[in-house]
Amino acid sequence: MNTLAPFFPITNASRISWASVPVFSVTKLVRLTSEMLHAGARLCSWFGVPDQDGTILVAVLALDAESTLGVARSEPVSGSYPSLTPKHPQAHLFEREVWEQHGLVPVGHPWLKPVRHTLKNAPANAPFFRVEGGEVHEVAVGPVHAGVIEPGHFRFQCAGEEVLHLEIALGYQHRGIEDALPGGPHPASMSQMEALAGDTSIAHATAYASVMEALGGVEAPLRAQWLRAVALELERLANHTGDMGALALDVAFLPTSAACGKIRGDFLNLTALMCGNRFGRGLIRPGGCRHDLEEKRLLALVGRLKTHMADVEQAVAWFWDAASVRVRFRNVGVVHPSQAADIGLVGPAARACGLVRDVRFDHPAGWHRFSQAPVAVWPSGDIFARARVRSLEIQRSGRYLFEQLDAPVDGEIQARLPAPQPESLSVVLVEGWRGEVCHVAVTDHFGRFRRYKITDPSFHNWTGLALALRGTAVSDFPICNKSFNLSYCGFDL
Amino acid sequence: MFIFDTIKNRIQRGCQTMPYPKGPAPALPDRHGGALRLDASRCPEGCTRCMDACPVEAISANAGQGTRLDLGRCLFCGDCVTACPHDAITRTNDHRLAVRRREDLILGAPGAEELRLAEALDKKIKSLFGRSLRLRQVSAGGCGACEADINVLGTIGWDLGRFGIQYVASPRHADGVLITGPVTKGMELALQKTWAAVPEPRIAIALGACAISGGPFVGHAQHNGGAGSIIPIDLYIPGCPPHPLTILDGFLRLLDRLPKHNL
Chain A
2 MNTLAPFFPI TNASRISWAS VPVFSVTKLV RLTSEMLHAG ARLCSWFGVP
52 DQDGTILVAV LALDAESTLG VARSEPVSGS YPSLTPKHPQ AHLFEREVWE
102 QHGLVPVGHP WLKPVRHTLK NAPANAPFFR VEGGEVHEVA VGPVHAGVIE
152 PGHFRFQCAG EEVLHLEIAL GYQHRGIEDA LPGGPHPASM SQMEALAGDT
202 SIAHATAYAS VMEALGGVEA PLRAQWLRAV ALELERLANH TGDMGALALD
252 VAFLPTSAAC GKIRGDFLNL TALMCGNRFG RGLIRPGGCR HDLEEKRLLA
302 LVGRLKTHMA DVEQAVAWFW DAASVRVRFR NVGVVHPSQA ADIGLVGPAA
352 RACGLVRDVR FDHPAGWHRF SQAPVAVWPS GDIFARARVR SLEIQRSGRY
402 LFEQLDAPVD GEIQARLPAP QPESLSVVLV EGWRGEVCHV AVTDHFGRFR
452 RYKITDPSFH NWTGLALALR GTAVSDFPIC NKSFNLSYCG FDL
Chain B
5 MFIFDTIKNR IQRGCQTMPY PKGPAPALPD RHGGALRLDA SRCPEGCTRC
55 MDACPVEAIS ANAGQGTRLD LGRCLFCGDC VTACPHDAIT RTNDHRLAVR
105 RREDLILGAP GAEELRLAEA LDKKIKSLFG RSLRLRQVSA GGCGACEADI
155 NVLGTIGWDL GRFGIQYVAS PRHADGVLIT GPVTKGMELA LQKTWAAVPE
205 PRIAIALGAC AISGGPFVGH AQHNGGAGSI IPIDLYIPGC PPHPLTILDG
255 FLRLLDRLPK HNL
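Chains as they are written, first to last, in the working numbering: chain A, 2 to 494; chain B, 5 to 267.
Okay, chain B solo, but in the shape it has when bound (with noise of 0.2 Å):
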């Protein structure tokens, strides 16, 4: 009886991917708040509430250039934001986060209040990735969320595969590695391995707090402090871990296949 059951809800169920790049992006949920914004203009001087409020140091302040915050450290928990009575730091709900260069990830300068988005791949890397990007995954430290939420793009709801993107066994079948993890001192060598086992040309995507910085290890000696000292970053994508809305659109934008309204 089985096998008619399964056909028969199947039917029923129709087809669950997400319209979304198509159409719009589904909602974050509403505790998520999505990006940060720093407006460090309406920094009075001397205030450190959000800096004693954060938990990684993710903002600093230097004599004379004003509030900065590294949304690259940044595990999104939303303190500064309660601490900060001057609405300097405050929630965009915006899902998309990712840079293409790490001091994009820097909030606070004037004209920097907000996160510089990735641009798209030159044209000729685009041609041959963009139709077609093979990933090979690198888990290098990471608590596993990152990894958990990669797979989720995966599944039936979000279809990464209509976008010709696939995470693949072998470095050897791969455009390029995406990391997660802060790069432990126990999977440097593996890194290495993997990287140089990727043919060129090749890209490489940090992704989630730990893969930019440390996320909430930084400062610890069992790790690097981030993929970027070991090999060179062409992606990051914030967050502890990033929403799976946040990779897709990471993921699209770098591909430059995101339609305009989207961007």
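Bound-form chain A, shown alone (with noise of 0.2 Å):
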């Protein structure tokens, strides 16, 4: 523990009291905070609690070799600190975020611009980065895209076909989330949770009720912690598969995509198996689930699960089968796995750059404590190992399913929440399909949400497709775009 000193050192889901954060003046908590940085420690969430006197500044680091989380904060501030992010690029959102909900100043801060703030009736989000010269074109793209998708806004800076710099400004999904959540919890906070990124209800969902059940003092039955693990994994396999389904077509390689699509929704049909909801909606409450997966259920889950299984190999085997694939995702979109390790990516991009980051290993909490699927990981850090790390994993949860599945525990699935302790912190983890959800509640005397920050994985992410972009043409964007699928909402709260 002593690498993670003056930080107070503590686990995945548990609760301390906030007194027993150590305080230190913002520049002591800058300097510290970038000391841990450089010895290889990962920024997992930077926030502003409000005061009376200003601004507490919070660090929350995660040190994966250790399984251990270290926090630490700030006295009160206002006006401005030394900026974290010239030397440690991971800080950069968190910076601009601090300083759009609290207005204090990074000094130093290269690009320092609102992240979701909304003028009136669109982002506040200009100006963009240009690059000049008489050969340099702007592509804009956005917010409403050509497909199904949710909005956003890309600059493109190129020289012909090639991209000098992309910019990518976010903000458009904003719908308060964070800013509802102080006094709470509310009625309404737990289908907010579910509803923050659609696609990822479940890995939020588990983070919410694990930092009610962390604030409350108690655990959800093992029961409930197996059925939240199994969800997990179901989410995890409807993402990927739609995921190699969606990079297939953009590649024009019709076999999987019309497979994938398909048997994305026999996933997501699974999860409705459960809850009745096909993203996983009303299956997790703070203190267990509302639903019980009994045996014939469970046997009706066993061998859905094994025909779909049994599809989507196939389906991806013909993906990896074919020269004309592999071919157009080698080398493009690369990330450097120094770059990728600067800029804090987390999740399936972060291991495709063979970074070894995966929450359910490395911060174990609730059913991974028991059990975890091994790390999927590979090095070349381009689409092809963004694909590969996917293809893997849909694997690999695959089997983690069958034996949890061949191994029920038994008992409630519901245990009785007592209210939130005071004047506390509460920090979950959880490894969704896109990497770390972290959530992090500070209580107030009462009990009631002080302040809850909320970092979905594509918070740290989107800054990895904008650099993965450099130096490829534009017209690769779409299958570099997909190679992330990242969440708007997620990061737009």
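What the hints contain is simulated information worked out from the structure, not anything from laboratory work.
Misleading hints may appear alongside valid ones.
Within a straight-line C-alpha distance of at most 25 Å, the following computed DSS-like cross-link-like pairs (lysine-lysine) qualify [unchecked claim]:
id, chain 1, residue 1, chain 2, residue 2
1, B, Lys26, B, Lys127
2, A, Lys307, A, Lys297
3, A, Lys307, B, Lys26
4, B, Lys197, A, Lys121
5, B, Lys12, B, Lys130
6, B, Lys26, B, Lys264
Which bits of chain B does chain A cover? Going by a derived footprint, with three or more residues having C-beta under 8 Å, they are [stated by the list, open to error]:
id, region
7, 193-207
8, 219-227
Glycine is no exception: its CB is placed at the ideal position from the N, C-alpha and C atoms.
Dock chain to chain to rebuild the complex, using the hints, since each chain is given by itself in its own frame.
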């Protein structure tokens, strides 16, 4: 634990008292955080907590190798503080967010502009970074995209076909989820978590429920934890399958795309078998789960899962067998491992750069303390690698599910949930299908939320897409984009 | 080798598109529950159990009027059904949910215990769109789940193309817009511009609780509480998100393409 000092070490999904979070002057907090990041820690979250005398900055770090998280906070501060970003690019969006939400200026931040702020009827996302020169032209895409997809704006600086720079401006989906949480939990909070990123309902719902359980000082019954782990892998399977199909479609390889489109729906229907909703809404509640997987239902689930796994493995095998597909993805959209570490990539995008990071393995909580799937890694950082990691994870999630469904744990599915303890802080990480979902709650002296900070994996990873585009052709944008398939609503909150 | 594998597998699988709507509708998942029904005459004076259970205040009771359930706000979580000891709110397991008017989503008044399902477009519009409807989808603050189940209709299982319905890239090519999300302030201008670019006559469909009322985010200042405050809506498809079957039923109902046994 010495490596974490002077940060307070905590494990995933636990609670500490707010008073035990070490306090430093803001310059010291920045310096200590910088030292930790330099030594290999990751920045999970960096946010402000409003206080009478200004804003308290909170840093949440992860030391993956030690399965430990570290937290520290600053004294109340107003005005400005020295920016982390010049040395640690992974802080750049967090610092922009803190500036937007609390008005604290990170001095030295190279590109300080709003993250989600809206002026009247559109996001305040101008001006855009511009490359000047006679041969340079600009391509603007969005917010309304060509397909059935969420809104965002992409601004490319190109020389001919080559992309020199891509700036991604979001905020179109901002519907005030974080702003609504202080004073809560409110009756709608759980439903809002389930609709925070629709394709990641299970991961966000699990994170929120675990926060409530940690704050209340209880654990969900083991059977509920088992159910959550099963639902989380079904969510991963559905989305990874959809992504394999989408990648195939964008290189006009129709057998895989047609098959995966349907199989994705088959996986969603398995989640619906568990709880009635294809996205898992209504399954998870603080204290446990609302629906059980009784034996008959379990057997039906296993039977259908077997069929769908065979189908998806077949469809994905066609994809990898086709030289025309493989060659289209090799050395396109490359993110180098050092870049990936610098910008703090998470999830399959990070694992496709050879970084071994997976919350299920590094910071196991809930059911993952007892059983884990092997981490899937591929080193090349290109679209090929991102597709490869997904297809490995499809296999491993399937195997993991069969193992878990073969050995269900008995018992209750809902525990009584005590009220949240006052003046506390709780951190929960969950490995969603896109990567690390991070929820941090700080309670006031009544036990209500004083601050609730949500970090969707897309918050870390959009920068990865921007970097992947550099030096590629603008016409490769669709396949690069699909290979990341990031969430707009999870980012915009 | 793989190409022969692909062809062989393709032949073995045959046609994977469902027989609906010619055949019967596929069953909803048993825990889905489908549409709700509210018989407010069963509500005893002063009982608020369903209202207390609802996360989004979809249920209300005005003095002298009785209980009302707004399916335009409802997330279909079923907490009210569990909470009600009087069997006033029940599940119908019916996938059909689309209506033409906002008020048709409000249940509870005598004679309005259930939804008043959508009627087809009028004759003239139907003659234009009945066999070919092109929609520009606008995602305006949704969570991506409605969009996902809109996309699912394009897959081989559902094959939306067989009805002449297609999602198009440009509003200039579209006969209407299909809106998801509560219309965030950030998407307000974009939706207005997209709508203005669709040539008349045109239709607008609000899909999902968010686009109808704000859904789980109802009351937040960051959005417009649904698409109806920005443009006139011709079809409401409730749900969070609506099941693909519900969405397809809505489209076909509007275009008068449902055979009698599935109406």
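Going down the list of hints, with the structure as the test:
no.	hint	in the structure
1	Lys26/B - Lys127/B	23 Å, holds
2	Lys307/A - Lys297/A	16 Å, holds
3	Lys307/A - Lys26/B	30 Å, violated
4	Lys197/B - Lys121/A	15 Å, holds
5	Lys12/B - Lys130/B	42 Å, violated
6	Lys26/B - Lys264/B	10 Å, holds
7	193-207	holds (count 4)
8	219-227	holds (count 8)
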